[in-house]
Structures are given as C-alpha cells and as structure tokens.
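**Student:** Chains as they are written, first to last, in the working numbering: chain A, 1 to 255; chain F, 256 to 736.
One thing to keep in mind: the hints can contain errors.
As the list claims (entries may be wrong) - Estimated spans, in silico, between C-beta atoms of each pair:
1. A:D69 x F:M717: 42 to 48 Å
2. A:Q122 x F:F643: 38 to 44 Å
3. A:S62 x F:H674: 51 to 57 Å
4. F:T677 x A:S234: 50 to 56 Å
5. F:K400 x A:K132: 58 to 64 Å
6. F:P458 x A:G178: 54 to 60 Å
7. F:M717 x A:E54: 38 to 44 Å
8. F:P452 x A:S150: 56 to 62 Å
9. A:R128 x F:M717: 23 to 29 Å
10. A:M66 x F:F643: 50 to 56 Å
11. A:N39 x F:K680: 24 to 30 Å
Just so you know, the hints here were simulated from the structure itself, not pulled from any lab data. By construction, the Cβ of each residue, glycine as well, lies at the ideal position given by its N, Cα and C atoms.
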Amino acid sequence: MTPILSIQQLTAGIEDREILKGIDLVVNPGEVHAIMGPNGSGKSTLASVLAGREDYAVSGGSVTFMGKDLLDMSPEERAREGMFLAFQYPIEIPGVSTANFLKTAVSELRKHRGLDPLEPAQFLALMREKMKLVEMDSSFLNRSLNQGFSGGEKKRNEIFQMAMLEPTLSVLDETDSGLDIDALRIVAGGVNALRSSNNATVVITHYQRLLDYIVPDVVHVLWNGRIVRSGDASLALELEKRGYDWIKNEASVEA
Amino acid sequence: MNSEQSILDDVVGSEYKYGFTTDIEQELLPKGLSEDVVRFISAKKEEPEWMLEWRLKAFRHWQSMKEPTWPNVSYPKIDFQDIIYWAAPKKKEGLASLDEVDPELLATFAKLGIPLEEQKMLAGVAVDVVLDSVSVKTTFQDKLKELGIIFCPISEALRDHPELVRQYIGTVVPPSDNFYSALNSAVFSDGSFVYIPKGVRCPIELSTYFRINARNTGQFERTLIIADEGSYVSYLEGCTAPQRDENQLHAAVVELVAHTRAEIKYSTVQNWFPGDKQGNGGIYNFVTKRGICEGAHSKISWTQVETGSAITWKYPSVVLKGDYSIGEFYSVAVTNNMQQADTGTKMLHVGKHTRSRIVSKGISAGTSQNSYRGLVKVLKVSEGARNFSQCDSLLIGDACGAHTFPYLEIANASATVEHEATTSKIGEDILFYCNQRGIDTEAAVALIVNGYAREVLNQLPMEFAVEAQKLLAISLEGSVG
Ligand SMILES: Nc1ncnc2c1ncn2[C@@H]1O[C@H](COP(=O)(O)OP(=O)(O)O)[C@@H](O)[C@H]1O
Ligand SMILES: [Mg+2]
Chain A
1 MTPILSIQQL TAGIEDREIL KGIDLVVNPG EVHAIMGPNG SGKSTLASVL AGREDYAVSG
61 GSVTFMGKDL LDMSPEERAR EGMFLAFQYP IEIPGVSTAN FLKTAVSELR KHRGLDPLEP
121 AQFLALMREK MKLVEMDSSF LNRSLNQGFS GGEKKRNEIF QMAMLEPTLS VLDETDSGLD
181 IDALRIVAGG VNALRSSNNA TVVITHYQRL LDYIVPDVVH VLWNGRIVRS GDASLALELE
241 KRGYDWIKNE ASVEA
Chain F
256 MNSEQSILDD VVGSEYKYGF TTDIEQELLP KGLSEDVVRF ISAKKEEPEW MLEWRLKAFR
316 HWQSMKEPTW PNVSYPKIDF QDIIYWAAPK KKEGLASLDE VDPELLATFA KLGIPLEEQK
376 MLAGVAVDVV LDSVSVKTTF QDKLKELGII FCPISEALRD HPELVRQYIG TVVPPSDNFY
436 SALNSAVFSD GSFVYIPKGV RCPIELSTYF RINARNTGQF ERTLIIADEG SYVSYLEGCT
496 APQRDENQLH AAVVELVAHT RAEIKYSTVQ NWFPGDKQGN GGIYNFVTKR GICEGAHSKI
556 SWTQVETGSA ITWKYPSVVL KGDYSIGEFY SVAVTNNMQQ ADTGTKMLHV GKHTRSRIVS
616 KGISAGTSQN SYRGLVKVLK VSEGARNFSQ CDSLLIGDAC GAHTFPYLEI ANASATVEHE
676 ATTSKIGEDI LFYCNQRGID TEAAVALIVN GYAREVLNQL PMEFAVEAQK LLAISLEGSV
736 G
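Chain A with its partners taken away, still in its complex shape (with noise of 0.2 Å):
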C-alpha cells in the first residue's frame, strides 16, 4: 500500500534558526493521526511546510505526497493534488463572499483533473449538502469569507471548505482550540462523515478532548522540532493525565 504522505529526516526553520529537527511521518489511507505537543513545539510550522508557506525553508529530508515529490510542488499545485490544511487562523477577505470563493476553487480543482467548472445550480446544490454537515446557516455563503465570523464560525468554515474540497489528506491544526462543547462537535462530526478508506487526516492539537469524538489511529508527541514519542489513542490520555513534562524530561535523556 503505497501511503498518502512520508516524511523523512524533514529539517526545517527560518532563517537562522531551525524549528523542525528531523521529522519522520508515514500516514497511510485511511487513517487519523494526531499531533500533539506543548505550545512553540513546531506543530504550526510543520503543518505550513507541508502547505508549502514561503517563510519556512526547507533545509533537509524529504516529504511524499502520494507518490510525488511535495517538496517540489508550488502551495497551488500541492492544493490541487489533494492536500487541504485547515488553519489555525483563518484570515478574512474582504469583499469576497464565501460561495464566490469556493467556486473559484473547486473550479481551480477541477480544472486540474482536467473537469468542466460546475453548473451553478449542481454547485449550489453541492454547497447545501456540505453545509449541512457542520451545521452552517446558508447566509454565510453570501457573507464576505470569514468577515465578521466569530472564532468557531471561521472553524466550521474551514471544514466546510475541506468538506467541498474533498482533499486526500487533511491537516487541521488545531481547529478545536476556541470551541465550546457542541461546535467541537459539529466539527468532529463534519471531520468524521468526511473519512474514507482513501484519505487521510492528520489532526494537530493540545487537548485530548477533542480526541474523544476524532478517535486517532496514531498519537505522536511533538516537542522542540521532533516527534519524541508515538503510541496509539491511550497515549493521549496519558498526557490528559500526567501533562507533558514526563515526555520532555525523557526525550532530553534520550538526547
């Protein structure tokens, strides 16, 4: 089985400074890996590597994304092959309404698999059904993208993007931090309808709870640029229980 994303030995950092040691990754289809780790550890910066962010250089290891060399890949290019990464900060475009927005890049997306722009009553049609699945009011397609959203509005939306996009891996970095109770729900529930045997989803977060409702298949422990530590969904409870110093004292013995 030829796995959606491998990782090796990737380093990278900006400017002088380097944030990812050597990262080693392999998700294969069908599965939920989580990344957890304290704050300033590296997840945000690993998550926009792969997303191909300009910022962050690329110093050494290599990235395969369904066979192809990410890497070499422009951020566009890497979008249309599938690669979807819910941001931890959406940011607002004025004057751009959601629907206009995702029109233009499901037609970008298509276009790439070399398919007609949708009619605009199928792409309509599209939007309704996906809304549904994190419970979004139709009026903010009409709305400028993430203007005046509230913190988990602009969550959902990025789920309702991944949901219209249908990207074979997804990251989402930490799209469950700001959300109360039910849209932590909405949007696990949007992230789980989502899953199949042939995509991919890497979840980056700092609490366990939103783990209960997006079970992982692997947890790795991310800390000062390194993947310190990997074990399967009870790894995370342990860290809900005993925080994450213990990982931090043994990695530095390891070190």
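Mind docking chain F with the ligands on chain A? Use the hints.
**Tutor:** Just chain F with the ligands, lined up with the frame of chain A:
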C-alpha cells in the same frame, strides 16, 4: 464563471495589450501654440465666428494662468510649445459606408475590438469613434434621429445645431475654470455632442471610443451632453492608446446638463498607456468633468474605472442646483508600477433636499501613488442636503501608497453628511490562504480586486462591466510575487 475564466486567460502573459500604432497618413500642424494655431483649428473646422472668438478669449485667459501644483503627483514640467495641437487623418470625401473607411483604420478598430462591426451594432452600441482629432464614423444615426436625439461630433453640431452648442458650451465648465479647461477651450479638436429631447429615453448606450494616435499630439476632447426635461441617457466613454516613449498630454473637458427630472449616466473605462515598469512614457490625463443638475429631481451619475495613464488628475463633479436633485460618483482607480493618480469628486449642494453619494475604491500596487481627493460642499441656501461618502483603499504589496483627502464645507446645519473609509491590504497571509485552496496568486488578486470593486462595476452596463473586470486584472498583472 466563464467570464472570470477568460479574464484569467487574458491575464496570463499580456503586457499592455493595445500597444501598437497605426500608419495612417496624418495632417499635422507644427509644434507650438499661438493665436494663429487657434485660428487655424477654428478655420479648419469651418466654425462660426463666435466660436473663434470664444476660443481666442479662452486662449488669452490661459496665457495668464499657471499649471496647478496642488495635486499629489509629480512629473517633469510640460513644455506647451513642444506639443502639436492639430492632427487629423486625411479624409476622403464623404464616407458613405464602412467600405470607404481606410482599411488601416478598420484594422486598428478590429485590433482594439471596437464594436464598429455589424455584430456589435446589433448588440445595441452606437459608436462615435474619435481617432485623434476628427470623428470618423457615427452609427445608429437614423434610429436616434427618429427620436430626435442628436449624437454627433461636436464639430458637426457646431455646423448643424450651432444655437444649441452656443447655449450650453462653457456653461458648466467655463473656459476660465482651470488651467487645463482654458487650454482645452482654446484648442479643442473634437468630441461628442449629445442632446436628448424632452421626455425621450435614449434606448441604447451611447458610446465613444477615444484613441490617441499621433506622435506628440496633445489630445483635447470636448464633450457636451444635454438631457432635456424628463429624458434619460447612458453614455460610455472607453479609451485605449498605443504604447510610446514620450509622455502625451490629454486634457479633455466634459460638460453635462440635466434638466428637470432628467437623468444622465456617464461611465468611463479608461485604459491609456500607463508607462512601462520604469515609468517611461504613458499618458498625462488632466481632465475636467462636471455636470449640473439644473432642474428639480434631476440626476447625474459618474462611474469610472481608471486603470491607465501615467498621471491621472480628474474630479468628475456634480453641481446640485435643482431641488431634490441627485449626484453620484462611483470610482475604481488602479495604479501600478510608477503610476500616479489624484482623483475624486466634488459635490456642490445648492438646491434643497439634494443628495449625493460617493463610492471611491482605490487600488495601489507596485510603487504607485493613489490619492482620493473629494469635496462635499453644502451652501447656506441648501436645506436638508444629504451626502454619503465611502472611500476605500486597497494596497497590494508594501511599496505603494494610498492617500485620502476628504474635504467638507457645510454652511447649512440641516445637512446630513456621512463618511466611511477603510484601508485593506492584500498581504502574504491572504495570498497564501488562497494558494492553499488551489487558487494561484494572479487569480487570487483578480478575485479579491473584483470583489472589492463590485459595487462600482455593478453600476456599469453589463458588457462593459465584463470589459472593466478584465482591465482590472490585466493592469494588476505581475503586481505580486
Ligand atoms: N514565522 C516565524 N518567525 C519566527 N519564529 C517562528 C515563526 N514560526 C514559528 N516560529 C517559532 O518556532 C517555534 C514553533 O512554532 P509553532 O510551529 O507555531 O509551534 P506550535 O504550533 O507547536 O505552537 C516557536 O518558537 C515559534 O516562535
Ligand atoms: Mg500552532
């Protein structure tokens, strides 16, 4: 979607698209300006004596005036003696049909996509093409004539309807109004004249395509539009110009008169050569546009999409004289690379319960400078005036500038004036977010800019809105990343 798609296609790899010159034999006057030149122009056009006197008076006044220095733009000093004030395509006698038009000219029109051809006429566009100084072809005359509408070159109107021209010319923009209006009044070459009779609704968009074509030729258009009581007209001015090295001066005057319950909608899509990336060449656009709502319940609405010119200095204005009259100004002004624009509007409230609305959307990219300058003035006699102004700036990148200079002069306490302003920026974060959704940077800019300009584009007639949208994308090409 299709239209957006074709915009994106157009965006890919096109420098200034209309950069070519035609090779028509030109009749040129030597460089320089004097009373003799003014006389020559007037004689050439076989104008009545009063018109010559009017021009000469303007010329003498101009000689006593100085170029304005208050706009937020800078450029090398213009030598007004180094400009050719008269150029005309050599014309064959009486062009009865399109077949008789110089094939070179027709080829130029085809390249520009000017709707002279059958299909476009069927699309409901009557075109009065101005190539340099002489109007070449006017269409749809017969249909308009039936309704009593006059739509012709102003030189022709001077011949056929001298009393109408004499009654209105210079009443909205007096020759002495400013340096450039005085210059224009002295040497204006041609332009459009429109008269809509009482109660007539002009059934088609009246459209003029201007094109600057002769090397070193200053272009001085003069447009006069009169909407008589209860009439309606929508007029569109669109411009493209060939690429050249030397700066070209353009100083047009547009006057609009709306009588009781009449409405004039004046739309401009301006795409003159803006100069290259280093700031060489490009058109200097110093234009005076003003309308007067003469009668009660009349309405004048200016819509402009400005993407071209090296320097734009332009303030379409409305004098709200009639009670309950309405003035509107909708503008998108784009500057890229080294372009400079100082544009805005003036709304002068004179009549009672007059209303004005200003929606200005500036877009700056590259190292360009984009200024909005607006004046809302409410006279003491104007009871219950209302104004709403919205001035937005969009910055693309870090090296450009946006400036707003909104002036208010309110002499009547019953006035209601609202002003809103926003500044936003298309920064790395937004672009990366779009990229991450599969939208490349060029498409992202087009998407955002079109969204931003939507309120103004919506004011344009449908097919021109599509054109304008393309222009926005083209003019911002390569502005990021
Ligand atoms: N663009 C950046 N500029 C400077 N420092 C950064 C940048 N991005 C991340 N860092 C630093 O790298 C470390 C990891 O950050 P981040 O990946 O955001 O961690 P996490 O998401 O795990 O909280 C932190 O010390 C952070 O300050
Ligand atoms: Mg983070």
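**Student:** Decide, hint by hint, whether the structure agrees.
**Tutor:** Cross-check of the supplied hints:
1. Taking the beta carbon of each, D69 (chain A) and M717 (chain F) are about 46 Å apart, inside 42 to 48 Å as hinted.
2. In this structure the hint that Q122 (chain A) and F643 (chain F) lie 38 to 44 Å apart at CB holds, the actual value being about 39 Å.
3. Take S62 (chain A) and H674 (chain F): their Cβ atoms lie about 56 Å apart, and the range 51 to 57 Å holds.
4. In this structure the hint that T677 (chain F) and S234 (chain A) lie 50 to 56 Å apart at CB holds, the actual value being about 51 Å.
5. Distance hint check: the CB atoms of K400 (chain F) and K132 (chain A) are about 60 Å apart, consistent with the given range 58 to 64 Å.
6. For the pair P458 (chain F) and G178 (chain A), the supplied restraint of 54 to 60 Å holds, since their beta-carbon distance comes to about 57 Å.
7. Checked against the hint of 38 to 44 Å, the pair M717 (chain F) and E54 (chain A) passes, with Cβ atoms roughly 39 Å apart.
8. The hinted range of 56 to 62 Å is satisfied by P452 (chain F) and S150 (chain A), whose Cβ atoms lie roughly 57 Å apart.
9. Remark: the range hint 23 to 29 Å for R128 (chain A) to M717 (chain F) is upheld by a beta-carbon distance near 28 Å.
10. Between M66 (chain A) and F643 (chain F) the Cβ separation comes to about 53 Å, which falls inside the hinted range of 50 to 56 Å.
11. Checked against the given bound of 24 to 30 Å, the beta carbons of N39 (chain A) and K680 (chain F), roughly 28 Å apart, stay inside it.
Going down the numbered hints, you'll see the structure goes against none, and every one checks out.
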